[in-house]
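Colleague: Generate the whole structure from the sequences, applying the supplied hints.
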Amino acid sequence: ARLCAGHPAVFGLSVANEFAPDLIRWSGRKQLGEFVNQLIYEAKSIAPEVLCTFSNYPTTEYLEADAVDFHSFNVYLHNPNEFRNYLARLENLTDGKPLLLTETGADSIRQGEPHQAEIIRGKLETIRHAGLAGAILFSYTDEWFTGGYPITDWAFGVVDAQRQPKPSAKVVQEIFAQDFVPCPKPSPKVSVIVATRNGGRTLASCLRSLERLEYPDYEVIVVNDGSTDDTEQIAKGFPKVKLINHPRNQGLSVARNTGLKAAEGEIIVYTDDDCRVNEHWLNYLCDGLIHSDCVAVGGPNYQPPEDSAVARAVMASPGGPAAVLLTDQIAEHIPGCNMAFWKWALEEIGGFDPIFMKAGDDVDVCWRIQQKGWKIAWQPAAFVWHARRNTVKAYLRQQYGYGEAESLLACKHPEYFNSLGACIWKGRIYATNTSIPSLGHSRVYHGIFGNALFQTLYSPAPAPGLLALTSLEYHIGITLPLILLSIFSHFFIPLAAVSLGASIATCILAACQQKLERPRWWSRPLVALLWFLQPIYRSYARYKTRLSEPSPPLQNMESLEAAALGSFNAHKQSFAFWIEKAESPKTTLDRTTFLNIFQDDLTQKGYIVRQDMGWDDFDLLIHGGFWTRLGLLTFCEPHKDGNAMLRIRFTTRWSSAFKTIWGLSIFFKLLLIASLHSVCPWIWTILILLPILPLWCRSQKKTLMRCVTSELLQFAGRHGLRLMEHNGSRP
5 ARLCAGHPAV FGLSVANEFA PDLIRWSGRK QLGEFVNQLI YEAKSIAPEV LCTFSNYPTT
65 EYLEADAVDF HSFNVYLHNP NEFRNYLARL ENLTDGKPLL LTETGADSIR QGEPHQAEII
125 RGKLETIRHA GLAGAILFSY TDEWFTGGYP ITDWAFGVVD AQRQPKPSAK VVQEIFAQDF
185 VPCPKPSPKV SVIVATRNGG RTLASCLRSL ERLEYPDYEV IVVNDGSTDD TEQIAKGFPK
245 VKLINHPRNQ GLSVARNTGL KAAEGEIIVY TDDDCRVNEH WLNYLCDGLI HSDCVAVGGP
305 NYQPPEDSAV ARAVMASPGG PAAVLLTDQI AEHIPGCNMA FWKWALEEIG GFDPIFMKAG
365 DDVDVCWRIQ QKGWKIAWQP AAFVWHARRN TVKAYLRQQY GYGEAESLLA CKHPEYFNSL
425 GACIWKGRIY ATNTSIPSLG HSRVYHGIFG NALFQTLYSP APAPGLLALT SLEYHIGITL
485 PLILLSIFSH FFIPLAAVSL GASIATCILA ACQQKLERPR WWSRPLVALL WFLQPIYRSY
545 ARYKTRLSEP SPPLQNMESL EAAALGSFNA HKQSFAFWIE KAESPKTTLD RTTFLNIFQD
605 DLTQKGYIVR QDMGWDDFDL LIHGGFWTRL GLLTFCEPHK DGNAMLRIRF TTRWSSAFKT
665 IWGLSIFFKL LLIASLHSVC PWIWTILILL PILPLWCRSQ KKTLMRCVTS ELLQFAGRHG
725 LRLMEHNGSR P
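Residue numbering for the sequence shown is 5 to 735, as defined by my numbering.
None of these hints come from the bench; they were simulated from the model.
These numbers were taken from a predicted model, which means no experiment stands behind them.
Cβ coordinates follow ideal geometry from the N, Cα and C atoms, glycine included.
Do not rely on the hints blindly, as some may be mistaken.
What the hints assert, rightly or not - Derived CB-CB ranges, DEER-like: (1) 678 x 523: 30 to 38 Å; (2) 187 x 457: 34 to 42 Å; (3) 157 x 182: 29 to 37 Å; (4) 644 x 696: 47 to 55 Å; (5) 187 x 9: 29 to 37 Å; (6) 495 x 313: 37 to 45 Å; (7) 430 x 240: 41 to 49 Å; (8) 118 x 604: 53 to 61 Å; (9) 49 x 215: 35 to 43 Å; (10) 313 x 430: 33 to 41 Å; (11) 118 x 432: 20 to 28 Å.
Claimed, not checked - Straight-line C-alpha distance at most 30 Å; calculated DSS-like pairs for lysine-lysine: (12) 240 x 193; (13) 240 x 416; (14) 376 x 189; (15) 193 x 246; (16) 376 x 416; (17) 548 x 705; (18) 193 x 376; (19) 663 x 416; (20) 347 x 246; (21) 609 x 265; (22) 362 x 609.
Modeller: This is how it looks when you write it as structure tokens:
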């Protein structure tokens, strides 16, 4: 460090290179990681500005040292797909720090000099497109010594021992002379859209960063969605920006659609007014889209280093904007602050749904894209700096908005949500500083005697049961009743204390397990508080919106005839329809076609319909408000001459919310009777209230059945299905 600090030829220091896996097992993974940290701290005490790392390799991928300024790996995989996939894995493991390949290359003795050149070309091109910080080839010359002895059984150099260039030398010279940042040629025009409302505090820095982009052909569109601050004046200060003003606030989705309509580019890119980008952001984002078979691409959003201590605590709290990854290169969801689409794909799905005014629009678009059979790419190099909320009030307001959006998403995509309204992801949430609390310890697969070539760290499984202790449902269903019962009986005081203490302990555990940058003494207590408050605010907003979910749309029973049909047949649980074979097979209504068309018909009329996910005992599940559901099951009975009998059976059922509330009400009424019967002998009379909720919900079931029956019979009439009497005598 003393010799190299400040030298213009020194990029950084690697304090160690390739620890043997048996040494790590002997010394301990955490202990050796801390030893590397101490080496880095010592180097920085001498040269504070020097960048430090240690060189790792796939066999000891699990070894972590938090003090590194950038990650460096030695990787010698030759298969192009394996090499590309492993780089993608490494980029997702680096927690947002740059990744440098400190050793890569190929042996010309075993591969042959022409193939060595081909391998090196492929590796360097892959590294460019992956967006790594750089690569160091091993080695320049075949003349190499280890322990004072010459190495003669391999030749990794791009020149031989006599310094005569190999074919790989020309390849290296050619590629290293190019710009390391990829730029597609020809470059499709890109439209960068920033939808903003009262974003004057951060908009200027966002637009300044967009001005510095090095992509050759792009435009910036700012959609001012009814701002009441100085947003419009700030945007007008950037002459190259195309400004579109909404006279009043119309919501985030409408603003994004406005930008889409005004865009001239083939690629549509969205970012937020509180984001900053680096000059290569658009290159990597477009490169990830163009060189894949995906119709959309997204990248990470990192916290700016200058964010306040409160914002850093918010970063370590739940509910932030994060991607959901199916693999290291394919995403299920990309955050709206950093996403790009082919314009034709966005237009084909109808753009953003205007119902999402604050949030949830990006989730909805991602799901609709995947329902089309398309894929979403993930490009770790295309990152943005995204400022977090810098006050607790702003953070909780954001989470409240997310809760409202989740409820709207559950209405539109019920198949992606559980009975409590929480989202069910197929992939894994990618968040650099936030992790779900767990009780276990990470483990490393070393192989027999520690000899596995790829030794992988397996993180402990998250403990969703712990998070249940912080949920609004737990507080209302368990803790609050116990606290209320404690007023009447001392017996419940310790139970209430244990229940509340379990929730608080979970939040403290979560706060202790998060990574915090430059923490203050109060940072972790604040994180624990936010872990406690966030589920309450978010779930409250979700339930408030769900409880306002409309009952079955009776207005769709437009005629007296339709109302009569529904009322007359509402008692029937099953129907049979005769389907005549059509002249053209394409126009014959088979069972699957019936289900798809009938679902679309109900959805267009305002019903919330969930499809069978492959594990269910229904084909369609129709929501009847918050309390009831109606399952629809079909069976197609073939007959001669290509005709068929379509049988449909309805099954009314309670929602999970009703079952939970009903069960808890019985439990706590019985608990109250057991506690107070000695001082209030007539307390048992509260059991008279038990039938009220089921009776009311039963009427809701009948309403739902009447509505859906009417819709079914009208649908059958429009599509030439003949209703059979007595459920299915052949005509």
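Colleague: Decide, hint by hint, whether the structure agrees.
Modeller: Verification of the supplied hints:
no. : hint                  : result
1   : 678 x 523: 30 to 38 Å : violated (48 Å)
2   : 187 x 457: 34 to 42 Å : holds (36 Å)
3   : 157 x 182: 29 to 37 Å : holds (33 Å)
4   : 644 x 696: 47 to 55 Å : holds (54 Å)
5   : 187 x 9: 29 to 37 Å   : holds (35 Å)
6   : 495 x 313: 37 to 45 Å : holds (44 Å)
7   : 430 x 240: 41 to 49 Å : holds (44 Å)
8   : 118 x 604: 53 to 61 Å : holds (58 Å)
9   : 49 x 215: 35 to 43 Å  : holds (39 Å)
10  : 313 x 430: 33 to 41 Å : holds (36 Å)
11  : 118 x 432: 20 to 28 Å : violated (41 Å)
12  : 240 x 193             : holds (23 Å)
13  : 240 x 416             : violated (38 Å)
14  : 376 x 189             : holds (29 Å)
15  : 193 x 246             : holds (15 Å)
16  : 376 x 416             : holds (16 Å)
17  : 548 x 705             : holds (22 Å)
18  : 193 x 376             : holds (25 Å)
19  : 663 x 416             : holds (23 Å)
20  : 347 x 246             : holds (18 Å)
21  : 609 x 265             : holds (27 Å)
22  : 362 x 609             : holds (24 Å)
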